[in-house]
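Quick one: dock chain against chain with the hints and give me the complex.
Line by line, the protein sequences are chains V and P. For the record, in the first sequence the residue sitting at position 216 is 216 according to the working numbering, with numbers rising by one throughout. For the record, in the second sequence the residue sitting at position 21 is 469 according to the working numbering, with numbers rising by one throughout.
Don't read these hints as lab results, they were simulated from the structure. Possibly wrong hints are sitting among the right ones.
If you anchor each label on the Cβ, the simulated ranges turn out as follows [unchecked claim]:
# : chain 1 : residue 1 : chain 2 : residue 2 : range
1 : V       : Lys405    : P       : Ala516    : 50 to 56 angstroms
2 : P       : Lys515    : V       : Ser278    : 45 to 51 angstroms
3 : P       : Lys515    : V       : Phe344    : 23 to 29 angstroms
4 : V       : Phe344    : P       : Val558    : 31 to 37 angstroms
5 : P       : Lys477    : V       : Phe269    : 33 to 39 angstroms
All C-beta atoms in this analysis are idealised placements derived from N, C-alpha and C, irrespective of residue type, glycine included.
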Amino acid sequence: MMAGVGGGNDFQWCFSQVKGAIDEDVAEADIISTVEFNYSGELLATGDKGGRVVIFQREQESKNRLLSRGEYNVYSTFQSHEPEFDYLKSLEIEEKINKIRWLPQQNAAHFLLSANDKTIKLWKISERDKRAEGYNLKDEDGRLRDQFRITTLRVPVLMPMDLMVEASPRRIFANAHTYHINSISVNSDYETYLSADDLRINLWHLEITDRSFNIVDIKPANMEELTEVITAAECHPHQCNVFVYSSSKGTIRLCDMRAAALCDRHSKFFEEPEDPSSRSFFSEIISSISDVKFSHSGRYMMTRDYLSVKVWDLNMENRPVETYQVHEYLRSKLCSLYENDCIFDKFECCWNGSDSAIMTGSYNNFFRMFDRNTRRDITLEASRENSKPRAMLKPRKVCTGGKRKKDEISVDSLDFNKKILHTAWHPKENVIAVAATNNLYIFQDKIN
Amino acid sequence: MSGEVEASTVEQQEMQDTVVSPEKTEEAKLKARYPHLGAKPGGSDLLRKRLQKGQKYFDSGDYNMAKAKMKNKQLPAAAAEKTEITGDHIPTPQDLPQRKQSLVASKLAV
Numbered sequence: 001m002m003a004g005v006g007g008g009n010d011f012q013w014c015f016s017q018v019k020g021a022i023d024e025d026v027a028e029a030d031i032i033s034t035v036e037f038n039y040s041g042e043l044l045a046t047g048d049k050g051g052r053v054v055i056f057q058r059e060q061e062s063k064n065r066l067l068s069r070g071e072y073n074v075y076s077t078f079q080s081h082e083p084e085f086d087y088l089k090s091l092e093i094e095e096k097i098n099k100i101r102w103l104p105q106q107n108a109a110h111f112l113l114s115a116n117d118k119t120i121k122l123w124k125i126s127e128r129d130k131r132a133e134g135y136n137l138k139d140e141d142g143r144l145r146d147q148f149r150i151t152t153l154r155v156p157v158l159m160p161m162d163l164m165v166e167a168s169p170r171r172i173f174a175n176a177h178t179y180h181i182n183s184i185s186v187n188s189d190y191e192t193y194l195s196a197d198d199l200r201i202n203l204w205h206l207e208i209t210d211r212s213f214n215i216v217d218i219k220p221a222n223m224e225e226l227t228e229v230i231t232a233a234e235c236h237p238h239q240c241n242v243f244v245y246s247s248s249k250g251t252i253r254l255c256d257m258r259a260a261a262l263c264d265r266h267s268k269f270f271e272e273p274e275d276p277s278s279r280s281f282f283s284e285i286i287s288s289i290s291d292v293k294f295s296h297s298g299r300y301m302m303t304r305d306y307l308s309v310k311v312w313d314l315n316m317e318n319r320p321v322e323t324y325q326v327h328e329y330l331r332s333k334l335c336s337l338y339e340n341d342c343i344f345d346k347f348e349c350c351w352n353g354s355d356s357a358i359m360t361g362s363y364n365n366f367f368r369m370f371d372r373n374t375r376r377d378i379t380l381e382a383s384r385e386n387s388k389p390r391a392m393l394k395p396r397k398v399c400t401g402g403k404r405k406k407d408e409i410s411v412d413s414l415d416f417n418k419k420i421l422h423t424a425w426h427p428k429e430n431v432i433a434v435a436a437t438n439n440l441y442i443f444q445d446k447i448n
Numbered sequence: 449m450s451g452e453v454e455a456s457t458v459e460q461q462e463m464q465d466t467v468v469s470p471e472k473t474e475e476a477k478l479k480a481r482y483p484h485l486g487a488k489p490g491g492s493d494l495l496r497k498r499l500q501k502g503q504k505y506f507d508s509g510d511y512n513m514a515k516a517k518m519k520n521k522q523l524p525a526a527a528a529e530k531t532e533i534t535g536d537h538i539p540t541p542q543d544l545p546q547r548k549q550s551l552v553a554s555k556l557a558v
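So that you can see chain P by itself, here it is in the shape it has in the complex (with noise of 0.2 angstroms):
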């Protein structure tokens, strides 16, 4: 009779450890379809990783030439150019053009 009462409460726990941990089922597919994966999932590879966000270019004239790219995408805002204040005449601040918008205005201000 205790046999049985064992043998029930040790398939009751092999239900349970399925049932409760929805995540280590995740992590046995997970580990199925990359088995290389490391045993530490938190360490510095991880970390380090994190830490050196962001594209890197092989010099700045690479970057340079990146941004060049983007740019031509977009449409430069043309501006307006006032022809007296080459020459003979101080310039003040009211005569100059405006400064190109070097990039486009965001579209949550319109």
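If we strip away everything but chain V, and leave its shape as in the complex, we get (with noise of 0.2 angstroms):
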């Protein structure tokens, strides 16, 4: 069995780890937002509603403990964003992270983009393990010695210290947007990256925050005629002159820079066909695109809606090359999600290193993975209860009707408020990071 190929049913997923508190309430400000990790696997971030960042850096693998491999510890935590309050509105900018995108790594300190509503950050993270001693004209406390007293001149020297991280912001790239930010996608030029809100995308670079280039505006004259807003767009992986951006009517478009300055017109429009008599009141709302992500392999791209996950070949507009049902049995649950807000839960969706599987979250603290080979799927559930070292996860199954199985759960008692929105798979490993509301839960495949 090759490591790092498969996933789904190939590997027996293991909890590792478990982080954040065991609170009775949860604190708004505790809710895990988003969770990326970075290109090599070895940091993980997370942003959570009271817009504070955590990164977590994966400690090296001794030699003697060759059970697990290694672990995340806490290597840098920031407040990225503040709340704000916007003047003119009237309104509250919140500080949750919407998004955390890592910069590929291009000298020793790690570069990040976290965005809330309405700004975007980048913030450097570097590492300090030196520092000069033996100055000559202030103390090592800083304090500025008396210059009557100075008699001798000495070179300072620099001396190990304590290992200290700090985070810094480098640029902040502000007032571009007029509705609410929902992705940041950084280019593979490293140079450049956009931005979307509700009803528009904007190509920035890196180094420069007063300008920036809007490159995508489907906000109507009479917004009384609005009738889809922007919910995820995405950089394509190797191509810098294309990008993808979903709509809330369940649709995809494929644009390309080189095409225009303003990418009103799409080059490619993806959408699957729909059976008109099967159209309901919340049609729409479920075909709604909550997320899109193109595979590493930039030949496919994926999307998930409120009970299924698609995957698109970029060749074939007209339908998708595989369907997956994430929670089918919700189907006749509708009414009363509708209700209580669920339906609008915006769940992400993400790869595999290899692009053979794929993973996304549901309800009750549930996490689906389907192995786009085998065609096999799995549910699992993050939750304490399974939270010995290395203990295997179960797989779980909800009972749809009729007779309930020992070990089922039926429809009826998921517990909705246990959403799992946000996930994120290693780039190189089977190791899967799964935000369950106030703790992040690190799993690992068994090593045989």
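Structure below.
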């Protein structure tokens, strides 16, 4: 069995770590709102509703701990965004971190972009493990020395110190979004990135904060005519001129920035034909795409709507090549899900490193994995009940009707407050991070 | 003979309609509870509600009062003050008291 290849049922998923408090009443600020591995998988970043970012670093594998791969420990934490007030509209601007995206590493420091509803910030995370000692003009604690007391000249020496990880905001990209930012995506040219809100997409240069190009604008002249909004956007992983954006109507548009300065006209339009006889009040709401992700290969893209995950071949616009049902049993619960607003929950999805498996979250702290090759799927649960080190996760099953078997859970017993909206898959290994409200779970495959 | 066959296929079609479409059943349930619900759910009302998310305040004073109430619930971290800083001594960055945490640190970072 090759390491890092396959997913879903080829591997046995085991509990590795859980971060966060066991709170009876979860504070709003502690709810995790985004999870992202960096390009090497060495770092794992989380953002929360309180505007804070916590970065975990994988410890180096030591020779005598062959049974488990390196654990993730806190590396740095900082307050990325603070709540603001929009004076013009008398609206609060939430500090909640909507998205974090890492930049590829180019030197010793790490860089990431974090975005709330209105502002994107570029953060530099750097290590300091040396400090200069023996200054001439000041003491060790920084106080200026009395000049008349200085009789000799010495050269300061660099001495080792305890590792300090510093996070500093290097760029602040503000005032470019009237509506709420839902996506940011770093371009493969490593110079630009895009940010998308409900109606517009902007292209930025990482060095320039006072200007950005508007590349998509779907705002109608008359807001009464508004029929759809942008729900997600992503740059192509290899072609720096290509990006896609999804809509609340379940469509995806692929745009080519070489074609025009304003990409209002798409190059490709992806939509699955709908059977008009099956259309209902809920059809459009559940078709709204909550996430779009390119495969690592760049050949496919994946979209998540309320009940399913679809894989699209970029060369075929008229229908997806694969469709996976996440929780089809909810189709007969849409009325109550509309009443409690759960029907508007935005689930994310992700690929594994080899694009052979995909993962997405569900309710009751369940998450689902689909193996694209074997077509097998598995449902697992992020729960502290199953949190002994290296404990194997037991597959879960939802009973859809009729006789409930032992260990199955009925649809009516599902806890809709326990939603797994954000998951991330290590870019190279079978290590996954699952955000369950205020807790972060890390699972790994069992090493034989 | 053929009439009977036709009748049974019509029945089958009706059965299929109710069995195959749980969505339509749910829609009927919703319309029964909210008879005034608009026919086009994805229309501008829903979208505009989405565009205007966020709590609206009367003005910035109202906002700051609400924020102050929230802050009183959280414990402010006391900062150690170095008393020698004021007066005839020019402070350096190391001398200054640590910036007070305006917000509590994340529990993930424990």
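Are there hints from earlier that the structure breaks, and if so, what are their numbers? As far as the earlier hints go, not one is violated by this structure.
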